[in-house]
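Undergrad: Residue numbers (the working numbering), protein chains in the order written: chain E, 1 to 404; chain L, 1 to 404; chain S, 1 to 404; chain G, 1 to 404.
In case anyone wonders, no lab produced these hints; they're calculated from the structure.
Accuracy of the hints is not assured; some may be wrong.
To be verified - Footprint (simulated), chain G over chain L, 3 or more residues, beta carbon under 8 Å:
1. 15 to 22
2. 282 to 291
What the hints assert, rightly or not - Taking lysine to aspartate or glutamate and the EDC-like style, the derived pairs with C-alpha atoms no more than 16 Å apart in a straight line are:
3. K315(E) x D88(G)
4. K326(E) x D88(G)
5. K315(G) x D320(E)
6. K315(S) x D88(L)
7. K326(S) x D320(L)
8. K326(G) x D320(E)
9. K315(L) x D88(S)
Please read all numbers here as calculations on a predicted model, not as lab measurements.
Backbone N, C-alpha and C define an ideal beta-carbon position, used for all residues, glycine too.
Protein chains: 4
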Amino acid sequence: MVHETVTMEGHLIDSDILRRVFNHIVEEGGGFEVLEFRVGTTNQEPSFARLSVTAPAPETLDRILERLNYLGAAAEVADARFAPAEADGILPDDFYSTTNFDTFVRIAGRWQAVADQKMDSAIVLGGGAPRCVKQGQVKRGEPVALRGPGIRARPPERSRDFSVFGFMSNDVSAETNKGIVIAGTAREMARTRKAGQGIVVVAGPAVVHSGGDAALARLVRDGWVDVILTGNAFATHDLEKSILKTSLGVCQMSGRAVEGGSRNHLYAINAVNRAGGIRPAVESGLVTSGVMYEAVRRGVRFVLAGSIRDDGPLKDVITDVVEAQKAYVAALEGAGMCLMLASALHSIAVGNLLPARVRTVCVDITESVPVKLSNRGTLHAVGLVTDVGYFLERLEAELQVDGA
Amino acid sequence: MVHETVTMEGHLIDSDILRRVFNHIVEEGGGFEVLEFRVGTTNQEPSFARLSVTAPAPETLDRILERLNYLGAAAEVADARFAPAEADGILPDDFYSTTNFDTFVRIAGRWQAVADQKMDSAIVLGGGAPRCVKQGQVKRGEPVALRGPGIRARPPERSRDFSVFGFMSNDVSAETNKGIVIAGTAREMARTRKAGQGIVVVAGPAVVHSGGDAALARLVRDGWVDVILTGNAFATHDLEKSILKTSLGVCQMSGRAVEGGSRNHLYAINAVNRAGGIRPAVESGLVTSGVMYEAVRRGVRFVLAGSIRDDGPLKDVITDVVEAQKAYVAALEGAGMCLMLASALHSIAVGNLLPARVRTVCVDITESVPVKLSNRGTLHAVGLVTDVGYFLERLEAELQVDGA
Amino acid sequence: MVHETVTMEGHLIDSDILRRVFNHIVEEGGGFEVLEFRVGTTNQEPSFARLSVTAPAPETLDRILERLNYLGAAAEVADARFAPAEADGILPDDFYSTTNFDTFVRIAGRWQAVADQKMDSAIVLGGGAPRCVKQGQVKRGEPVALRGPGIRARPPERSRDFSVFGFMSNDVSAETNKGIVIAGTAREMARTRKAGQGIVVVAGPAVVHSGGDAALARLVRDGWVDVILTGNAFATHDLEKSILKTSLGVCQMSGRAVEGGSRNHLYAINAVNRAGGIRPAVESGLVTSGVMYEAVRRGVRFVLAGSIRDDGPLKDVITDVVEAQKAYVAALEGAGMCLMLASALHSIAVGNLLPARVRTVCVDITESVPVKLSNRGTLHAVGLVTDVGYFLERLEAELQVDGA
Amino acid sequence: MVHETVTMEGHLIDSDILRRVFNHIVEEGGGFEVLEFRVGTTNQEPSFARLSVTAPAPETLDRILERLNYLGAAAEVADARFAPAEADGILPDDFYSTTNFDTFVRIAGRWQAVADQKMDSAIVLGGGAPRCVKQGQVKRGEPVALRGPGIRARPPERSRDFSVFGFMSNDVSAETNKGIVIAGTAREMARTRKAGQGIVVVAGPAVVHSGGDAALARLVRDGWVDVILTGNAFATHDLEKSILKTSLGVCQMSGRAVEGGSRNHLYAINAVNRAGGIRPAVESGLVTSGVMYEAVRRGVRFVLAGSIRDDGPLKDVITDVVEAQKAYVAALEGAGMCLMLASALHSIAVGNLLPARVRTVCVDITESVPVKLSNRGTLHAVGLVTDVGYFLERLEAELQVDGA
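Excised from the complex, chain E in its bound form:
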């Protein structure tokens, strides 16, 4: 039997860390003894624990310690180890793979916060400061952090305030009172704006199909949205509606389809591309309403990522997905809150790029996208199973009351 002593500090009970530590040890076949435990006597005070962890073999103990490490428990206090990337995009095999929790690296005896936190990335040391870099963007020779000592992730502490993110986080259900969640979302948006943080909207084409585009356009116009992350389909549907009053060839007044495939869809792309893109199409008077129109007018940043499904595409679309991912990352800087609206593809993409601390509301007509996001550890996330058109209309109404 081998053993090791680990220590932890923080809201160990409240944030469900101690329970997970116990679980991991037992699951891996180890055992533990609590040497010392001081629970915070009040809600504000952190707790402290010191455990002796035992395992039948050194490899088992290593595996346990690595898992505890991800929960902020440190077995030994040593500097992190680094090794150079072998080639562009090729990491040393022993690389540390990040979570979306805030992470700290010990360099020369000092714990340093990692910048650009996002999951499934490498930690690269550049100019002395560690930051998260996607595997494909790591350059040959850059020092890459290795798993082992000197790295600590801090799981976000569950919010105690009375926002929806406090008591509804990770709930996914079609049986919630949506009005309450939407009202809470509106309050959170007001708070985010007041705090000077960004509000990001991720939107799928169903926003237009379901008629929620009108409300979203007004939210953009009124300054509630700082960034729009989407793809070709959403933008084209929105532009088609402004230019031709149809959506995928379906008349938006009568609901009746125009024969001939999606000619109107292609027509809209053609017209906007002829004008030179979305901005010139607005400026030239071709596009006179809609979400993209309001975004251009208001100077709201938008990024359109290409997909294999696209018609056209619009000139504004970044067809290289690696470049599109970089543009998404840049646009997410400073985000305090994220609304994911009826887009499986883009919501999961953005979920992969956001730190866990950003408050996220994911709206979809089925449980599957919210469940996926919740399974990926997006902690401050509320899943709302409802019609996105409903969500946007109610949200707008709430913001007019609460938001001003």
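Using the hints, position chains L, S and G against chain E.
TA: Below, chains L, S and G without anything else, positioned relative to chain E:
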């Protein structure tokens, strides 16, 4: 090879009958020759066809003719055959099983319309007039129609008018513009009321969870609903909300759950049952708002069918499902339109009891219930994949414009 | 400010109890100080906590204490209070509403376990021993436990063993490796049988549609099933398949539909009812294969609960849902494990009747039923989003390896 | 009132064309008179119709004629008109937008078949022969067909043979007997291979999650698959399973998750990219099993399209989606059949690129993807709502019987 001559008359092309006749013949291994075909020269005029059907064996020909018979094609003009029910609830094995299409039986040389049309029933002759009777309700000795000659079903002709039931029937999609379908539903409700027909609402508990109960209560108050078909859960949620301001123990102001299972649910049942039921609970001032409250006040008929899932149940619940089915049938008389709101159980139950001609809007958060109804041949049905709360709020707004 | 001291003992961290206690206090607006805390030094040892809870008002403190009570935290050690039921089915307003956790009532200074544990029930004292009774079954004058002191629920402790119920509990995902969960289910069934506990199968009609009935019939034949809880539709589909080789009129060899509604469905009911019910239909040689056939042959208990959706129904169906619920309760006695197979209605009904300790596997093609069960606090439950036909075929294969 | 005479020939009833012609005329506010109608007297013989179409205004008549044109009805026999593309990717506004039906263009008095048929494309004249070109690929100055006379689309005639594509086309249901559909799929694959046409597999990551990858790998090994169209995620999951025996970090033996995000996912990408890509990774012995392994060994063509969601990505991924689309198009040449397996993104992308005549089976755990494909007019498509792992295992078993 055996053969037989059949004739058909009606909107054979328009209602997709001729195509299905051809299909059935070939699927069963037969062949056909068109002896005569006169297409209606205008939209109003019926078409006429005379076919010679051939088959390799007499049994095959019989099977083909039976299938064509369900489409209104008659091979021989003869009276229907009847045989007495062997015992209560036991039919002669050769019984004719009904569809939800209007059906005619030839008795003494005269075609008579079948009353109480509903699917999966027997046709019983009582007092000289044929009517649909559910298998379990047939009494010993009653004459039951046998399959074979003398019975014709008339598939409903697809509507040509510009209502949603004309061009959207049997469409099921989450990507429709819901506003258009809801506006069409409102227009249809106004038309139904003007025609003196009944509007039936089938409601599941999600109507209350999603906050749509307030709008539904106002629709009942304003006379838009003639019958409510539901179960114990919906009624209890609605009553709990009036009595305790919670739904399944979740506070409807804050969205926060009250610990202790569904105590409030049971409390509401207890209080209403102590009062003697829903009507006395309203009259005594215990219940002062909600759908059931407005139904009692307005004299709207409601039927609560029991289910194995029920708590309580409320005294008003008919716990015997055979009795409950009879009460549903009685309440459906005179229905011209039916709104099915977020209830798989009751919607499919009512779908089984309605003639195909009743115009039906089925609202659910997933495709599965609308798809099921559409597969069962509920023809004048529109499936709407959206949040039922959204549907009800928008419907109310539309009715205030269109409905007056 | 008012305050109260509460104590707790058990796997407070491991079973996530302490965290929930802290949460509840803060959510309700109270505060706390940890006066004493001893964590179990090993995995086997229980922990102990003594807290001082403060609140701004006595009502708030009461509410907090009630919530803590459901988690096993006791504020004062006093006997439980009882009051007589006012009338049949009418409880005193202050009744205690049960959870599905094992519950203890303090009577004359002694903690007594409550029998027939199930959620949303009253606790009735009969012959000196407390037991759970559904609201509707309580008789006038019986002593009913009131909320307040003297009642303690014990949340189940999360399993530490390496079964699927240990590490996968309350996971619901379509992206699991199903083979692993199914293998774990098979092992658990073998263990349950060895322990002399019952295995209950709850089945919906989709078991037959999806072709899983053949595997289920073999499981019944081979003694893997002790009780079948279902309704009219499943049994009729199964019987129709044996008698006519079709399911809802769809030929099970060719997949092609037989015209004429669901004549074959009604025919099967007619034939079985003429024979006098399912058992006589098997004994007379009318039914010669299928799940119900094997159940009759093996003497496996089955209960068919009626529903408003039913055709027929079969003579074996209990059409009164209150009676059907009682029959389900009786059949669930001694259950150690429950397989819920593609039936929303019956699965939720059974979920309401089972104590949390019974290990449950819920199989459905969508997330919604498993999510609902998991939200209701069915703790030892694994949700599996897959085709029920697949589940049954694989389960059978696993049982042949593991189960013997 | 204006009028025009149109003629049609083909299986007008059988393929549901005449009914749709009537519908379109009436929906647009026109009227019609049948001047001549000859129905094919047998199943093999085509029908012929001559109609006089009337409308209140010339614009209405134009719109009606355009819609009829898409159904193969020709009002005037004239050559198609062409106009040059204004710039790269910019069409003349009056461009004809294609369907996925086989299309013919009249040039110099002769009807010519359009090559590379796919929906939502332009028809470009190159070297005298017309072909479908995606909007973005049209080059400046190329002659683009305009809507109006001289273009005819031929809706596919519904198959009369006894394959699943004959009687189950466009059925989407979770309540089918899957065994029958899978057996039919196997027979169709055998037939396709015998006819020398290609079998395309479109695969999503759920194929690996659900454990269906083993069966798919064997199908590839045994020569049942000619092309694999997928993305980075599927390939990485498959490679991770070969290299590390996990999938997304979940051990495929025990089902237990490895802590630390998706380190194994990144590790697999790293290892394969270090080797130089998938082919070298197989050749060097790094990858020794799985779908991609068998594809490399057998020389099966695979195309990996990039997505904004990707980690890594693998070197084999085409990150530019426009290039990826072109590679998909090239790989689809000669396809006679397509299996779409649990991938919304890639299935809809491929649905957009396939002519309607290619027989398609779409397998997914929810109705939504099959419903979407069916709404887009993918005619010879069967939707199967089941677990993809089940589908693949059963398909393999069927092919061993039928396919040899």
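Undergrad: Take the hints in turn and mark each one as holding or not.
TA: Each hint tested on the structure:
no. : hint              : result
1   : 15 to 22          : holds (count 4)
2   : 282 to 291        : violated (count 0)
3   : K315(E) x D88(G)  : holds (12 Å)
4   : K326(E) x D88(G)  : violated (27 Å)
5   : K315(G) x D320(E) : holds (14 Å)
6   : K315(S) x D88(L)  : holds (12 Å)
7   : K326(S) x D320(L) : holds (14 Å)
8   : K326(G) x D320(E) : holds (14 Å)
9   : K315(L) x D88(S)  : holds (12 Å)
The earlier numbered hints that this structure contradicts are 2, 4.
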